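Join the two chains, each given in its own frame, into one complex according to the hints.
Take a look at the letters that make up each chain.
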Amino acid sequence: MNTKPDSAPAQDLPSSFALPVVSGTNEAKPHAHDHDDVVAVALEHASTRSTPAEGAYGKTYWLGLEEKLATPEFLEETRPEFPVGADLPPTGFARREFMQILGASLALAGATACSTRPQDERMVPYTKTPPEIAPGNPLHYASGMTLAGHTSGLLITAREGRPVKVEGNPQHPVNQGAAGIFEQAFLLSLYDPQRARVLRQGNNPRSLRVLAEDISSLVGTKAVGDGGARLRFLTEPLNSPLLADLKARIQRKLPSAKFHSFAPISNEAADTAHRALFGQPVQAVYDLTRADVIVSLDADFLESRPANLGMSRQFGDRRDPKNGELNRLYVAEHRMSITGGMADHRLRVKSQEIFGLAAALAQAVGGPAGSLAASAKGGTLRPEVASWVQAVAQDLKSKAGRSVVLAGERQPAAVHALAQAINAALGNVGATVKVVPAAAPEASGLAEIRALVEDIKAGRVDTLVITASNPLYALPVDAGLAEVLDPKQNANRKALSVLYAGHYEDETSKHADWFVPLAHQLETWSDGRAVDGTVSIAQPLIQPLFNGVPEAELYALFLDQPFRPAYQLLREYWTAQGGEAGRADFETRWETWVSEGVIPGTVATAVTASPDVGAAATTVSAYQPPASGDLEINFVADYKLLDGRFANNAWLQELPDPITKIVWDNAAILSPATAKKLGLESGQLAELEYGGRKLQVPVTILPGNADDTVTVALGYGRTGLHEVVAKDVGFNANLLRSVNAPWFDGGAKLTKVRGSHTFARTQYHWRMEGRPLALDMSVSELAHPSTATEHVLERVQGEHKLGKQNNLPDFDYAKTPAEGYKWGMSIDLSRCTGCNACVVACQAENNIPVVGKEQVSRGREMAWLRIDRYFEGDENNPAMVMQPVACVHCEKAPCEYVCPVNATVHSDEGLNDMVYNRCVGTRYCSNNCPYKVRRFNYLHYTQGKTPTEKMLMNPDVTVRNRGVMEKCTYCVQRIERVRINARVEKRLIQEKELQTACQQTCPTQAIAFGSLADPAQRVTQLHEDERAYRLLHELGTRPRTAHLIRLRNPNPALVATAPAESKPAHEGGH
Amino acid sequence: MSRLSAAMLLAVPAIAIGGLLAYVRSPHVTNQAHPVEQPIEFDHRHHAGDEQIDCRYCHWTVEKAPSAGIPSTTVCMSCHAQVWNKSPYLTEVRKAFFADQPIPWVRVHNLPDYVYFNHSIHVGKGVGCATCHGRVDQMGAIEQAAPLTMSWCLDCHRDPKPNLRPAEFITSMTWAPPTDKAEAAALADKLYQEYDVHSRTSCSTCHR
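Protein chains in written order, with the working numbering: chain A, 1 to 1070; chain B, 1 to 208.
Heads up, a few of these hints could be off.
[Unchecked claim] Pulled a few chain B residues facing chain A out of the computed Cβ check, cut under 7 Å:
1) 66
2) 73
3) 108
4) 110
Rather than coming from a laboratory, the hints here were simulated on the basis of the structure. Computed from a predicted model, the values in this text were never measured in an experiment. Glycine residues also receive a C-beta, built at the ideal position from the N, C-alpha and C atoms.
Excised from the complex, chain B in its bound form (with noise of 0.2 Å):
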């Protein structure tokens, strides 16, 4: 009985916080796996999937800036305007651009005010949109697919090399590495060579 005792007295604790560092860590509270809900009902399968329109068109300074943007109405009139141009599921749309009111969309990657990310060294360095956005042009409404914790973080920055891919494919939704192995190993030594990568993981990277 006492053996029982002593055993839950160490099981429980050791339980409980395991239990809640795994919570913590589970997809429901980093937000993954949650379609969200946006004010006009954009479809990514659409747009990115069947057109096979780049990111960057929409997305222009990720290239550039930290922020990758939310594209300004124009963006979607400067097609809509021609395409489309009578659907009632753009009536919002239409409605924001011509009354000169921004579309108040729903935030879905959200990093926490005290992280600095930045899009174009990314992008710069190879490492593709769908590395982190995961398969846009597969999702109906946007749902965060990695968990965008900081050990997700640091993972890749310790040992970026899996996570190239050629600049040319940088958007693709499709590319994946060489599955031979040695020969996946030799393109990422390759990238990590010609893009002069040097993740850095000094806390200031990020926190400043």
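With the rest of the complex left out, here is chain A (with noise of 0.2 Å):
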């Protein structure tokens, strides 16, 4: 018997449990064994698949380092299908204790057992119905999601008056139907039953009249006085027109006072630098659609906001080589982000290495960008650098006009401007880069809160106003605002009075004098500007749950004048607008507005001003890049709670890290070197040092992170004094952080302290034992393919014959759309980014609970989709693929055979239906189901919930309860109720009406679903494609979902210089 796995796949097929054979390659080839005794190939196969990787197939794909590295911790950790614990009981109470409560429940049933009627339950009507409303039909509003600065078009679902799901907006510009991670989760945050809900003055609470009374007076009196000269407010980049123009009528009536912004993640490098350039305050607006050539300067822009929907989409269009030639994506970064996963280069950089590789890709590009880079201090390259800068400038010059050059909000103005210089050199100003003025054009950045605090010190201050996102958290530790606020540091403390408007008792408003609960966006009217300047009105979908206040009556306490709620002060502002003449009409306008949520016409015209290159010079001349140091430390963004605002959210909170694939936590994540120079293994509690503060952290090693470089995320650690689910998850880097190098600086220290910490990782949660799944593959090799990936082709997309292991039989599915339906989907490799919106958006539709921490690290996680994350290649510095697994509905399931009570069946359009009624939990199914795609519900996770949680639940999906397994349904509930619709109008369903969850809500429309009997709907045309391919194709299970192979589109001047992969380690077996 062979036990060698990376040799030929005719060698290989053996050691494959239960294979039918696949024709052409190998039927004539004696087997080492006889393909009856099935147990003893399944035992055969358990003890040679000790390798992880499928190295037979050229190219060896890994979901971790442990993976990769094969230790025997990992082996004996994973060999076991399922985490350890995962299949114990319940604990809870005492199995005495169960008895007891058993026989309690028993002796009850027995009193009621007499009457099998259940107990009335009751019919409320309305009163008066109101016209739209028709009971059990859904209603889509327009509205909008504002976050730091930038509003997000959003289309929301009701049912009765509660908002259910949140959508991107199909007509609006930058979201064209798409939505991300944080406008899905915006749903879950509405219904928070820790949202605060109690207007109080110091401890006592309040009613709005007593503050707005109290305001009123002390308005009066500073417009007579100072003019609000000791007044300050502290906001969020103020990008909604009405709330500017709150803003500007205030300063009329009290001319003194003094407004700062601040959002912690705010492009105000990219502004500073915009700046000097242009003489203006704008912003650049990139179209990839016309890019071939995109090189990104640790800029994450396929996730970082406010564009990352509009541009992955355009990103994603240009991955289809049905749309033409590939762009081609060079990304130099820090540590892998999902931009950099979907780079056809990367290099690892540390950040501070950026500025120069910036320089140097200036001086190489020449003209212009030339002149300025020649006064940057970048110092030398290291060789490999400076050669990827050469290749990346050639490639950037062909293709002049026709390419983009975007640098990271981390990284300083310096490189902003470099970034651009270089765009203008090309000509991709005016082509790919398109500069409009800005949605908020003041500046937001940390020297706004420096003013502030120094103002405040002086004693210039007597009033602060604070709506502001929680700054007394998000800001760096020595900011110096939590110092000032804090009644125990500042003996002047009494002299201020502070009013913080939030929507959650946080760590600001813990020295607060006024709290104010702010109203939920979907609470209340509101309006904001895009990224590209499109202005959304965003409605209210609901009465304020908890009696928040808008943020615009807020403001327009201020005024001083007749209270007016936010529906009047808008529609005011908005009327004002058109002036006289748009008077007339404003009814009909303002219905559209609302009703298609963008005001028509409102994307920002392009500023025709070329940029000053020599503006910048002073810029880019006086930035010196931090110094080196043996580690540097990188903050960034946290993919899922962003700055910490989102740290209440139990559905991002449990959402895997797209990357390191954590829920509950952050890490400090080092690359496999580091980690070995520094003694340092996954798990370990070390301290981080820098700047003179301490702090325990644990860490997580993650292949692709640059060497010497330490990566912590933001917004964890709350303690925030409601905040129940954000509280001790994780630690809080800002502890760390300095207003000095707020993104990046050398000198961290990072030393192995006693202790452990354990992460909950769904990384090898349901993995399916290193077969060939995620495809990566040049476009050349596909064009022209090796015999390697012949072999890998023939053995994922070629014919082959079902032997004796058919056990089902052959259904006679729909071949025309005359005849019916034949569900299918489509998944594409290559635009798939990884971004999670699918899997939220799936949680958010099907009703899908969250577990915890605990729960996940054994296994139990409920997401039905997720997104097995592959690196492939060298372990420190290896590429990524991304491929979403949900049910894929095969055609001939194995979970369906194996129940016992037909609990899984299949319908007649092939669908592989879940009926919870007559589950059991023998959870045979789950054991049989190769994909690893069913979902237990060990405990009752849905009991408990509070009223308002309860109004979030999709009414069109069972909530599952204790005991019953679960799966990706293709969201029947969507396809039942567009066939109900078409069936009473007596048509067929239309490829446009009918999406599912995850589809509808891509950013990259990776994801397409339909009927595979109608040949003209896009999933058909996808399922043909020559990319296209079936999981685990070699088992016959026929899956109706297809995955389409990820492309890559390599600079051939690079490639040659590349390190060629690395052999697996362990070659040879064990």
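Right, here's the structure in full:
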């Protein structure tokens, strides 16, 4: 028996369990054993499968470092299919207690058994039914979500007056129907029972009227006195035309009052660079549809807000070979990011090297960029960086006017200036780069905070109004705002009155004299600009649940005018905008704006000014990258919690980080080489020292991180009073940060300390045993496959005959649209960035419970859709492939014939139906599922919901009880709804009206769904694409979900110099 | 003796199980023939019977929504603001209307939470109100006429033809298929074609 799996495919075959014969390749090959002896094959298979990767297929894909290195601990931990403890009975009360409780309930059952009649259930109709409501039918409303100075256009589904699902607004030019994880999770934050509900002064509850009178007298005194010179506002960046107008009106009443705006994650550096280059507050809007070459200088543009949704769409469209030549993405970054995973060429550099790299790139591109770069003190580049830069510059120059260079928001203004100078030199400005007036023109960086703190310290402030999101938590520890607001540290604190308006009783509210609970955006009227200038009118979906005050109404209090609700303020503002002419038909236009969610014609027009590269010379020449030191510390916004404002959102907390796959935690991320150097291992505790401050952090090792750097995510370690979900999750990296180097700096130290930390990672849950699953190859490889590739393609795409393993009869599915539907899905790995939006959308649509860190660590997470993240190649510098996997709805489903109660059966349209009311919880189906996509309710995860949390549930989907198996249904509730509508109207279902939740939200349109019986549908065409393959095709399950091979578009000049993929270290077997 | 005990050994469990099966299907358990007392003595005999008001006047969403809809108090008052507007029977209705408080009706037809029934498709394909709800015009207090068990649903989904009727009689309480069997079958076939009936029996049709 050949135990060496890393050889030719033909030899590998015996080690694959119960395989039907793949035609063409090796039928004639004599096998080492008798095929009938299935059990023996299985055992043999298990014993030979001690190497994790499928070496036989040319490439090595691995889920994590432990797997790649096949450490004994890893093998011990993961050999069993389920993690340790996965099948333990639930703890909670002891068995004896259980019997007692059981006895008691049986006794009660005896008493009530005489009557089988259920308790009377009441039906409560409306007194006056609103004309638009037909009970049971959903309604859709356009609205918006404003986050840190940018508004995303949403379309919200409401059932009987309660919002139950958030989608992107298809009419919004940035969203185009897509929504990211924050938009999806926005809904949960609306119903969060831990939101603040009491308006208070000190510890005493107050009515809004008392506050209004207080403010009125304050404003009255100030208006006649110093004109508000001692009044300060600290706001989010004001991208709302209404709030900007209210601000202007407040300043007219109180001319000396000052407004500061602050967002922890802002494009401040870009704004500074643009102000220098263009002489006015502008921002760049990128058009990737026309960019053949994209260079990212630490820019995670596919995920970092606010432009990510639009850019993902454009980027995805250019990764599909059907749309013409693929674009080419170069990324230079310090950590493995979502954008880095999509790169054709990714360079690991320290953050501080980016400046030198940008200067060298500008130099190589030449022209005005070269002259700007001449003044840069970037230092010398490492040779591999220099050669990379040359190749990139060559490629950029060959695509002048059809390329784009992007700089990340963590990089200083100097890098942004260089990037924009390169764009200008290449003639990209005006082509792929559009310069428009900034949506929120004020500066909103740390300088604002510095000015405010100085004023307070000097005693120039007596009233401070904070509407910025939790600044005391989100600011670096030495920003000084916390000290001046804390009575224990500031002796003159009594002279200062602080009003804080927020959604939660958080770190900032602790030091506020007045606290005002803000209304959620879905509870009030507002407006706001998107990144391209588009204004959305965001309408409320529900009355305030917890007596929140709309932000606009709070601002209006400072006008000292009769009370007007937010609706009236908004209408008055927009009525005044049209001038006399607009006033006439305002009502009609208003109705259109509100129903469509966008005001037409508000997309910003491009500024004609060309960049004055000379003006930015001082920005570039004055910048000195921080000294390198031993270890560079990097702070990043978290992929799930952003700056911490989503920390109390359980959907996001339980969402696996797209790269590390850690849930409910953050970690200090190191590269394998650095970890080895520091003697650290994943899960160990270490002391991170930076700038004289120390913090104990758990360490995790992530391939793809730059060496000698440590990356920590912000947003964790929250200590808010009532934020129960967020409490004590992870560590607060802000405690190390400094205002002088808020994003990266050298000179950090990491030393091992005693103790360990258990991460809950979904990385090795639900593995599919290292077969060729996520496939990627270069364009040329697909066009002219090598022998190895041919073997892979044969295995995953080839026609194959089912042998005796064919234990389900064939079924005659519909072949034409007239005969019926044949549901199928396709997932394009070329487009998928792994952003997780689909996972949260699925959770929201299908009432999927959150189970908590402990349950996840036992492998009991419930998400129906998971995204497998595979690394490939060198363990220090791997490539990455993302692969979303949900139930693939096999035509010959292995789960079905093992169910003893017929709880999972096939529909005539090819759906693998799950019947909850039949399921008795044997879990045989999950055991027999090769894709590991079934989820079991080990506990009653949905019990104990508060009334507001119950309002969140989608009424079209059963809320599952304990002991029931569940899985992806292809959103069957959506299919049935449109089917009924179509059949009442006696027509067929249109492709456009039916989308699954994951498909609808996907920013890159990687997911398509529809009827395979209709050759005109997108999904059918994708199923027939040359890149389409079926997961575990060789098992003969005939999945209805096809995956499309990820394509890469490498630069031939760099491929030659790239290090060859390292051979697996464990060649020869174990 | 031993033969008798052997027989008993088989018969007793068989009878017990058979009895249980019969019991859970009995009208007592399915809640049939059990008039339900409502907060207001609303009489369908009068409204649907004597006055011949179409079902859809009050249950107006039946053709376009999953739920037929329980009429809002406004619907009651649309007539009773003029008719019987001083009747003591309607005191509670008027009170509810002017206090803007909904009337808490007691549910009669109660499907389990994991069953998703849709009125619009059934009415749209020619299944009349009386087919499932019985002669509502003869009920003083509404009672459940059909067992609403899964096998009862499936009987019709497997062979819907006997239960189809022309759309113009969809709310009729008295319509009956032609007495002549051949004629009835011909009508059923015609309606089956005309309404494009495709009753489904996949699990996910009702369980999602």
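If any of the earlier hints don't hold here, list their numbers in rising order.
3
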